[in-house]
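Trainee: Spelled out, the chains give:
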Amino acid sequence: MSTAMEPEPGAPRTGRAVGAVRLVLGAAGLAGIGWGVAGAWNDPFLSERVGLAEWLIGGLLLHDAVFAVVVFTVGATAMRLRRGPAAWVRRTVLGGLAVGVAGTLIALPALLRPLPTQNPSVLPLDYGRGLAIVWAVVAAGVGVALVVRRRRDG
Amino acid sequence: MRAGGGFSALAGRMKLDIRLPDPPAALRRGPFRAGAFRGALHDPRTAVSVGRLLGPAFLICFVTGVFSHLLQHQPHWLALPSRPVWGYRVTQGLHVATGIAAVPLLLVKLWVVYPRLFAWPPAKSVGHALERLSIAVLMTAAIFELVTGLLNVVQWYPWPFPFVPAHYWIGWVAAGALTLHVAVKLPLIVAHWRRPRGAPAASEGPSRRGLFTVLGAGVGVVTLATVGQTVTPLGRVSVLAPRRADIGPQGLPVNRTAAAAGVLTAVRDPAWRLEVVGPRPFALTRAELLAMPQHEATLPITCVEGWSASAHWSGVRIRDLMARAGAPPGARLRVFSHERFSPYSVMDMPDEWSRDSLTLLALMLGGAPLAEDHGYPARIIAPNRPGVLQTKWVTRMEVLG
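Chains as they are written, first to last, in the numbering used here: chain A, 126 to 279; chain B, 11 to 411.
The following block holds chain B by itself, in its conformation from the complex (with noise of 0.2 Å):
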């Protein structure tokens, strides 16, 4: 097998080596000429080296993606640690910091291999045509994903369809495409994953050492400019970070305020009780709930969109209150809202967080009272969960077998 052969090597087997026509020779003008693009860097020594960080970039984002995804939409047979407790805050801080990273990582790569859009003939044969409509896949994805995620963290939605679906399902288009591209250039990364023995380095003209100090300090600048919404030390040195940790009532972020979730009302009712349900039922008042043993537990809030603060909660053990309703070990719980009209309005609960003695039904956060915007009068608080399961305003508890 010739190195490099890629996809016709690959597809050889295959019988896609049919060989096409070449086009015209005279519809090769403009880029398309040979010789059009003279940089010395547009070469497969380079592409590997800034893939070899790419790559890596796109495996950690698949791989905390699909995490935060199977902690949001956890399968029965699926059991979940509640511990760590920093555990999602580190996975998806680092899901939504490398996807930034990846903004220039991947921009930088399809410079690099930008002049591979014009090779003549556009397509050699079969396999040829499919290898590069392979990377248009890839590219599609990948290109996708960055936007996709860039503008879901400010919030902003401009496009027809729902942000999770989409993104999660062409993440598993990218991650197979990639995976896809490393299978078709393997002998090219093999050949080209070490420098050449006793190449000189260039003294003259654009280095490759040059490039990956503008792609380092490409990374860095958009690292350093957004990265303080989870790493809250470098809060003022991120200029650009859609969230500060220490900005919000009670200097903590919110995503959903109360007067979005259409809560005011019934949060300001004195009439409100927390409903429990089970072999038991009961409702309490909220001086109720403050009468009962109160724990308290530091816990991070962290926003699938990659933001994250900790912050001091006080309330009553969730499991005392299964404990009260009569629940049986083991048993699972259901969480609703005074929000409607959210996918989030009802939250299960696995019983590894309703056991764990972290997890709060939160009255207090920061020795006052809840604000509204973060759940008034009660509202959830877990360890290592996603922040759209820790269910504000809530009204009502259903102890599940």
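Chain A extracted, bound-state conformation (with noise of 0.2 Å):
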């Protein structure tokens, strides 16, 4: 399969209505992307556009540069390695640490936020122990879907 995102020969070729479709989804993204921009823009509290423009790209680059590149070194280094389980085992783990790292990235905020709030009703749980309970039944899952597999293969 191609990695590639042009469409495979043989697909259907799109008509009059679908071009038509496109244009007024175009200009209609063009005007949202535009009324955002001027809104930000000319709106007096948002006076700090340095700060805004770091934290708009910085999202950006830590995705790109930081969360995808250690996402497929770790997904590569796991699929290649010569000696250890059955590629599907490697998957199956490996679609686990995905799902623990989701839930992760909701408890980071609640996890990093520093000084303990004034308000005792604002985050009132213990989040390391609900991230741990988390990774427990994300394991939990892992080792079921392991053993369901394996028994079904005989």
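Hints are computed from structural coordinates only; laboratory data are not their basis.
Within a straight-line C-alpha distance of at most 25 Å, the following computed SDA-like cross-link-like pairs (lysine to any residue) qualify:
| no. | chain 1 | residue 1 | chain 2 | residue 2 |
| --- | --- | --- | --- | --- |
| 1 | B | Lys134 | A | Ala152 |
| 2 | B | Lys134 | B | Asp27 |
| 3 | B | Lys134 | A | Asp189 |
| 4 | B | Lys134 | B | His52 |
| 5 | B | Lys134 | A | Leu148 |
| 6 | B | Lys134 | B | Arg55 |
| 7 | B | Lys134 | B | Leu30 |
| 8 | B | Lys134 | B | Gly45 |
| 9 | B | Lys134 | A | Ala190 |
| 10 | B | Lys134 | A | Leu150 |
| 11 | B | Lys134 | B | Ala35 |
| 12 | B | Lys134 | A | Leu186 |
| 13 | B | Lys134 | A | Gly144 |
| 14 | B | Lys134 | B | Gly40 |
| 15 | B | Lys134 | B | Ala36 |
| 16 | B | Lys134 | A | Val143 |
| 17 | B | Lys134 | B | Val200 |
| 18 | B | Lys134 | B | Pro34 |
| 19 | B | Lys134 | B | Tyr124 |
| 20 | B | Lys134 | B | Phe47 |
| 21 | B | Lys134 | A | Leu185 |
| 22 | B | Lys134 | B | Arg48 |
| 23 | B | Lys134 | B | Val58 |
| 24 | B | Lys134 | B | Leu26 |
| 25 | B | Lys134 | A | Leu155 |
| 26 | B | Lys134 | B | Pro41 |
| 27 | B | Lys134 | B | Ile145 |
| 28 | B | Lys134 | B | Val123 |
| 29 | B | Lys134 | B | Arg29 |
Computed footprint of chain B on chain A; a stretch qualifies when at least three of its residues, placed anywhere within it, have a C-beta under 8 Å from a C-beta of chain B:
| no. | segment |
| --- | --- |
| 30 | 154-168 |
| 31 | 174-182 |
| 32 | 222-229 |
| 33 | 242-255 |
| 34 | 259-272 |
For glycine and all other residues, C-beta sits at the position ideal for the given N, C-alpha and C.
Quick one: dock chain against chain with the hints and give me the complex.
Mentor: What follows is the structure in structure tokens.
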């Protein structure tokens, strides 16, 4: 299978209707972007434009240059190691890892937030314990998935 | 038009299909090499399949977000209903829950298309360069919305700009960029909407079904871990929820405490009076308010941060107080809090709410006097309104013409 996003040969040709829808959606999309950018630019409360730009671009860089690099390196390394369990086992474990990472990302704000809040009803739980429970559930799910497939394949 | 011609085909009519010179082949190293990414799931069909879930998620976030914004900054020409009482609870709960579910959805979508970041040549034509720029705008706005939203939910603001206008305006950029992205990719989306006929499911190697199992598990885990902050029966399951509906003074969470609002001296003053300004102005002590006909209402407090909890309130109907002040029919109400230096210390209430029989100046919560953190001596509670407009520590109300 090609990794390119180009269509495979023989993909259906698109007609006039699709072309018209594209023009309408394209115009609406450009209008939405323009409205948002102009709104942010003219908003008197958003005068700290450099800080806003840093946070905007920072998120993109954090994903493309850090997060994705780690994810692809871990995935490629795990799948290319010569010794170790079968590929389907590795894939199942990597899938579990991905689910656990999703849970961890959701927990990070609660775990990293500095200065305990003055309001005892904000973040009232033990989030380290919560994250441990999430990982335990994920590990159990991976275990069940491995056992089920091993039994099925006999 | 060639299916999947992308932006180039769309832009061709605008003379944007001008070819750009290829960069020297010697620069094609590392991830830019052909075949640098081997996985089978970085294909258009998978991208379309994940996009079919991510697109609606962003649409839900955008629509509920704009609705919340309109409720909080209601233009005079727009009448919004005060019913159903749970309306805002559902829309804002959905806004935050969908945003959280969009985190694994977006990460998987980006994982699928990440190899495209290293396409060679980086820009074939002016149209191709613009297409890639539009995707950068979409990613930038999407990641920004999810990150700022997640941090706002825990009331953490480590950035040098106010959250509300930034999240609002960049939300428009995200929605616009997503719409543009759909327009650019529409032929590809149409071509890959259905699985090709007769295509056998892979028996070995990574499968799309496996990817969707992981995606479903990720969405399920992050949702179950947090949604109990608004779907209260799941409270104990949601071990990562920033709030729990039964934790707080009088078993109800609080967004801003009386101490944080700096109102403790004012609300403990025995000389406290509610002042009502209108054609027949008057002032009442808390005891005099309690001597008026009392009404009960079970209404949720719904915070913009996505938590909500239902509670049993009692107090004086706002419309009774307005009638006593001689308010004409259809009058609006302006409510002042003891809290200063907050954008919500003054609240305007359109007549859809002020004439609603469930809108109270609440004095009691769950049969006991309001806790200071819940707005003692008196607070507003109205159906289907954001928590920031349920003004606490009320000192004065003005009938507007």
